[in-house]
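Chain residues, written in single-letter form:
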Amino acid sequence: MCLAIPGKVEEILTEGDLRLGWVNFGGIRKRVCLDYVPEVVVGDYTIVHVGFALSKIDEETALQTLDDFRAMGVLDAELESEEEAFARAALAPQSPCPDGSCNSR
Amino acid sequence: MKYLTEFRNGEIAQRMAREIAAVTTRPWKIMEVCGGQTHSIIKNGIDQMLPAGIEMIHGPGCPVCVTPLELIDKALAIAAQPGVIFCSFGDMLRVPGTEGDLFQVKGAGGDVRVVYSPLDAVELAVKNPEKQVVFFGVGFETTAPANAMSVHVAKRRGLKNFSLLVSHVLVPPAISAILSAPGHKIDGFLLAGHVCSVMGYWEYPPLAAKYKVPLVVTGFEPLDLLDGIRRCVIQLEAGRHEVENAYERIVTFDGNQAAQKLLAEVFEVTDRAWRGIGVIPRSGWRLSAAYRDFDAEDRFHITGIHTEESPLCRSGDVLRGAIKPAECAAFGKECTPRHPLGATMVSSEGACAAYYNYGRFLSVEELASAGAALSK
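Residue numbers (our numbering), protein chains in the order written: chain S, 1 to 105; chain R, 1 to 376.
Hints in this document: simulated from the structure, not taken from any laboratory.
One or more of the hints may lead you astray.
Taking lysine-lysine and the BS3-like style, the derived pairs with C-alpha atoms no more than 27 Å apart in a straight line are [claimed, not checked]: (1) R:Lys210 - S:Lys30; (2) R:Lys131 - S:Lys30; (3) R:Lys155 - R:Lys127; (4) R:Lys160 - R:Lys106; (5) R:Lys155 - S:Lys30; (6) R:Lys160 - R:Lys43; (7) S:Lys30 - S:Lys8; (8) R:Lys155 - R:Lys185; (9) R:Lys185 - R:Lys29; (10) R:Lys261 - R:Lys155; (11) R:Lys261 - S:Lys8; (12) R:Lys106 - S:Lys30; (13) R:Lys155 - R:Lys29; (14) S:Lys30 - S:Lys56; (15) R:Lys160 - R:Lys131; (16) R:Lys43 - R:Lys185; (17) R:Lys127 - S:Lys30; (18) R:Lys29 - R:Lys210; (19) S:Lys56 - R:Lys127.
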């Protein structure tokens with residue numbers, strides 16, 4: 001969970017004091033906070049980490065990075081929904097606690 | 001070399017690998033301090049493309065891995081309380097505490113939620129005024145601006161039912177700790193690109209000067225990593241020790257000023273325990289005095305937490321770069337992704353899990369002897 005994913009800013013809105021945007025990550029749209037990138041406008045690409053845009057980047061870099069991250073299989077985990085996160089956790093079976101004390105439950 | 005075909009620019013990558021081999025005259029150990037880079041190195045087989053003398057050491061680069069057991073146990077205790085909505089990133093669900101994990105707490109009736117952004121947790125607090133909403137704020141400097149904004153917004157809105165369980169860790173003090181340890185073997189570092197996108201790299205020149213190691217800001221894609229390694233080796237061969245930026249398309253010297261401004265307001269530096277490593281002085285952030293009211297540790301007064309690590313698990317040595325995952329006696333035996341003893345086996349970014357999942361079961365020595373046996 002330390003990767004920032006490139007996406008395209010499709011829409012910018014203000015909500016309270018927050019500057020938010022809808023960002024498209026190769027087909028998946030997420031609502032993202034743009035407060036840290038005041039220079040970003042609609043149509044720009046930015047790298048986003050846990051719902052926050054951190055830096056503006058050029059389109060070529062963005063598209064190549066998206067491709068590479070997809071090939072590495074890291075996009076899904078970074079952009080997964082709550083349901084997907086729990087489904088993934090359910091697939092990773094119970095881990096015994098380090099001292100074994102929860103095994104008996 | 002089977003991985004090479006899996007990413008574009010395979011030919012350029014091979015050329016860069018040859019370039020690294022051409023400038024390398026002796027062995028060097030280079031550490032990356034970012035779980036995303038570790039993942040990419042293993043997945044793309046970058047380490048196997050390097051000349052024999054260049055060894056990549058996987059450092060304490062996963063925020064999931066290094067979250068101290070004590071904080072996990074506190075998270076479990078808070079999440080199990082009635083009237084609490086406990087929000088976390090998905091990666092934390094399966095990190096084992098002393099007794100179970102967040103996923104099990106949910107199964108036992110706890111209201112555990114996975115959010116994409118910490119601001120989603122703030123929204124939950126607005127919509128559920130009768131509940132206490134807690135967000136598990138883990139992560140390196142990359143994640144900190146998001147967590148800082150969540151608590152900043154909560155304060156601005158006067159929310160009394162939102163708090164943050166903070167376990168932030170910082171890269172520069174971790175590098176200092178590794179380089180201060182007697183007998184360390186690290187010659188150079190790749191700096192985490194996305195950490196530096198937030199913080200810039202102004203913090204690092206004093207480290208390069210003090211410890212006489214090259215520090216190269218590096219990205220995550222195969223060519224980025226090879227370029228970072230190449231620049232690091234060139235410096236090492238020339239006897240130079242400078243901070244260099246091999247990720248210029250994302251990272252500037254100053255970093256993101258708006259983010260750093262809010263970070264300085266919301267957080268203050270504190271000593272932080274790293275799972276498997278122990279306390280590193282001034283290596284983390286906690287909420288500053290102005291935001292202390294939003295600290296979940298204070299709000300919930302969790303007492304009686306006593307943490308115990310598995311006696312078999314050597315995740316601390318793995319995180320320090322002292323051993324490779326496969327050199328731990330429990331690796332692949334008592335400890336697997338299905339039954340992880342330490343957090344390095346839990347997260348997909350964890351060094352042990354990455355080795356396990358990509359079949360790196362053998363240590364360097366074992367590989368060497370296996371190779372020797374095969375060639376006989």
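Hint check:
no., hint, result
1, R:Lys210 - S:Lys30, "violated (43 Å)"
2, R:Lys131 - S:Lys30, "holds (26 Å)"
3, R:Lys155 - R:Lys127, "holds (16 Å)"
4, R:Lys160 - R:Lys106, "holds (24 Å)"
5, R:Lys155 - S:Lys30, "holds (24 Å)"
6, R:Lys160 - R:Lys43, "violated (44 Å)"
7, S:Lys30 - S:Lys8, "holds (10 Å)"
8, R:Lys155 - R:Lys185, "violated (46 Å)"
9, R:Lys185 - R:Lys29, "holds (7 Å)"
10, R:Lys261 - R:Lys155, "holds (17 Å)"
11, R:Lys261 - S:Lys8, "holds (25 Å)"
12, R:Lys106 - S:Lys30, "holds (25 Å)"
13, R:Lys155 - R:Lys29, "violated (46 Å)"
14, S:Lys30 - S:Lys56, "holds (17 Å)"
15, R:Lys160 - R:Lys131, "holds (10 Å)"
16, R:Lys43 - R:Lys185, "holds (24 Å)"
17, R:Lys127 - S:Lys30, "holds (20 Å)"
18, R:Lys29 - R:Lys210, "holds (18 Å)"
19, S:Lys56 - R:Lys127, "violated (32 Å)"
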